[in-house]
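There are 2 protein chains.
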Amino acid sequence: MPVIQKQYEQYVAHLQKIQDLNSTLALLHWDNEVNAPPKGASLRGQQIATLSATVHEWTTRSEFGALLINLNANRQALSEDEAKNVELSLAFYNKEKKLSTAFVTAFSRAKTNAFQAWLKARKAKDYALYKNELSVLVDLLKEKASLLGYEAHPYDALIDEFEKGATVAQLDVLFGDVRQELVAFAKEIKAKGTPSENAFLTRSYDKQKQWDFGIELLTQMGYDFEAGRQDISEHPFTTAFSSKDVRITTKIEENNPMNMIGSCIHEGGHALYEMGLPAKQYGLPLGMATSLSIHESQSRLWENQVGLSLAYWKVNFPKMQARFPEFLGNLTVEEFYKAINQLEPNFLRTIADEIHYHLHVLIRYEIEKGLLDGTYDVASLDLTWNQKYKEFLGLDVPDATCGILQDVHWAEGLFGYFPTYSLGSFYAAQFYSKAKEDLPNLEEQIAVGNMEPLLEWLRYHIHQHGQKYTSEELCHRITGEGLNLSYFMTYAREKYSVIYNFDTKVLSEI
Amino acid sequence: MPVIQKQYEQYVAHLQKIQDLNSTLALLHWDNEVNAPPKGASLRGQQIATLSATVHEWTTRSEFGALLINLNANRQALSEDEAKNVELSLAFYNKEKKLSTAFVTAFSRAKTNAFQAWLKARKAKDYALYKNELSVLVDLLKEKASLLGYEAHPYDALIDEFEKGATVAQLDVLFGDVRQELVAFAKEIKAKGTPSENAFLTRSYDKQKQWDFGIELLTQMGYDFEAGRQDISEHPFTTAFSSKDVRITTKIEENNPMNMIGSCIHEGGHALYEMGLPAKQYGLPLGMATSLSIHESQSRLWENQVGLSLAYWKVNFPKMQARFPEFLGNLTVEEFYKAINQLEPNFLRTIADEIHYHLHVLIRYEIEKGLLDGTYDVASLDLTWNQKYKEFLGLDVPDATCGILQDVHWAEGLFGYFPTYSLGSFYAAQFYSKAKEDLPNLEEQIAVGNMEPLLEWLRYHIHQHGQKYTSEELCHRITGEGLNLSYFMTYAREKYSVIYNFDTKVLSEI
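Protein sequences, first through last, are from chains F and C.
For the first sequence, our numbering gives the first residue as 1, with consecutive numbering after it.
For the second sequence, our numbering gives the first residue as 1, with consecutive numbering after it.
Isolated chain F (complex conformation):
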């Protein structure tokens, strides 16, 4: 075997060992959310810290760096995929090396402190209990940005961690459009009032029956229960230990079955992506999801374009009716479809509808950017927050828990993460539009419960590639252009103009 191939194998072995640890870390986190008894929490935190430190040490080991540099210099002797893996690993290595051990330790400590302070502040509904710790964290994030380096804006360095190549310059344009178009659209909708009666969605839906229905929907989507499982947790999430063990969680509230249904479909969408990554690339960049935005495009596409469509409920509403005849027996699928697609602004991102959602993200984007460049400061950030909610959503935030304290992200040091939620939704609309073009009877298939054509389309165009292409490259390959908000706006206008009777088209025609 040529020397270079041997070295490539060494590289693979090392990355797969790191992946073994990362998968194990994911199990520790999953277990914490799903199973762990309360008294075990503090030692569990220590176990997670030890594994995380080991991952960092293995990732930044200089012999490994030398191996990567050598492989990259000899990339002509590697296959295209191999060379791509090496290139991406080297870039990751170089980035990780920029963060000193002293910084990593200080940042880790600051996150722990901020998280504890956030918990206390939420309990007391008092932002003041959190702002000192948040301030320390923001200073460290500024330091991180300069350690990582950036050209135009410090926030660029942080966004890049979650969405490679994305910049403030690009996102300012995108979110400028979001602001202009969505704020107007949301107001237009609001003026139309409530389209239909929906009180039946808040009756007491038996939890076991809800659970069973969720499993049925997941199975229909193609979620493989031989390579995963669903459990209950406080906040639904997806985690993958490998493409052969991808777990999801959900939450069941008796008076809100659509919440559980939405979570099953959303997490199911994430899980199908992880299950579709190439198993032979385990631990390597080409075996990992492209980016957070593409991940979110998968969950959102299933949740919104599919799971909130009339076609989807044509096959599934009768099944839901059969489980809950007492609440749904007298309804038509059109009435149900209208009821689950009502737009209403509220304080909380996590329960926002698919339109207002992006105004929540926009606010966070503006605040993160402003914190990094000094436009806003942490001391009065709650006021900034409330002002923006008034401006964009027309809401007076009642207290900090429904306001600036609602998300855990900042307390966990995650700055630059929020924008990917919106990017994901916009990619979803653009991809789905293309899928309908490629698969002319797609919605008819969905309407009879056949999700396979869609899943195969996603597997072929997105899942199998791992990180071979960036989000933008992938989007170009699939749709012939970069991310374009107009697909989302067209989707939104077409759908809600019918639901809110903006035009004469009636539901039975779509």
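Hints are computed from structural coordinates only; laboratory data are not their basis.
Partner residues aside, some chain C positions facing chain F, computed with beta carbon under 8 Å:
(1) Leu27
(2) Gln47
(3) Arg229
(4) Lys244
For each residue, glycine too, the CB sits at the ideal point set by N, CA and C.
For this one, chain F is given, so just place chain C on it according to the hints.
Chain C only, in chain F's frame:
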């Protein structure tokens, strides 16, 4: 802070990191048994291998060895407990260092092969499909014995791994007595026939009701569900990630409620030991169980001395009756007690009664010893096995799955483990005899469901010490003498002479 104290803290930090990995490994195993979807198995195996190799590397790191040697040389500057920790860690380090990386790798591979062959052989009920792989493993175990070193018998080196200080010379005496006394006792009992009707124990007991009853019994014992949880698995087991997260599993068969009850109490006994270890010694020898035999003494004491006693069922039989009135409504507690305490030889160790159990262990002890010193060979080991079952238990083994293939231990390279099962039972009888002496109204307390005096006694005399004393030292401290089989024989004779009416004492008097 004196230099030596700083070094002690380094030592503690290193051991606790190793414990973090070991706890994580335990979680990977637990998850495999309890949750993991089938397709994830092979990558899970790889994740376990990576963590195991890391533990070995950290354990045998020569800088760590130098630190231990230095600390041990300066032990006069340490507290008694600190010095004990260092002494035990150094002994463990020296032992681990004797095994070369080449040996560890070969042994690990041989175990994987043997386990796979064992699975196949069980399926085909054919020992021939397993013996080559077992033979490789036995050769490696002989090599391991010489690498570790021994004075009198190669088996000594292997027993020592599970039961520090135990030797063939001692165990030959003990198992000689077991053979003489128990074989005779078992025959004597058998001649008495069946003491009472027990068909009601094999009716269809609702699984959920069994589960609920098991939880009730565990709660009564003092098992802390805030620091643990129970789940279902194929083979019941206990695993501890720390003393604050100690999990147990059970198995429920509709036609055998006593099996689940016995497993809850047995694993509950193991778990109470782990929960009682000193939390501040996390990862250090003084924070770990003394030995396998002492561990087993805890599970067996609860399972047999307590869980199969009349006192225990005085409080718990009415509770069980209330859950299953259709099967138990017309019985007295004495009838129930007799029914659950019937002695009957059978092929399988795991379902053996508390007397015949030790004949199963005796057979395995003799075979392991004979394999190590060349008395027996692997090629015809199934015949040796069957011959001994005929001799000691009077049974003709029908096939290899009920015979030599019944236990997984050998396929996992565990030689020297089995004797600890019997040692544990004998320690249990000896400890319980002493506890009754120390706590004169112990059985009256049990009979009203108050298990706290017993648990406190165990916590004080056993749990809190970790590995501060060896099994023998602990036994001396508690009972004033070393392990003495006569306590077990007295317990057995007293109990079964009443049940089988050897004498005139009647149940209502005991």
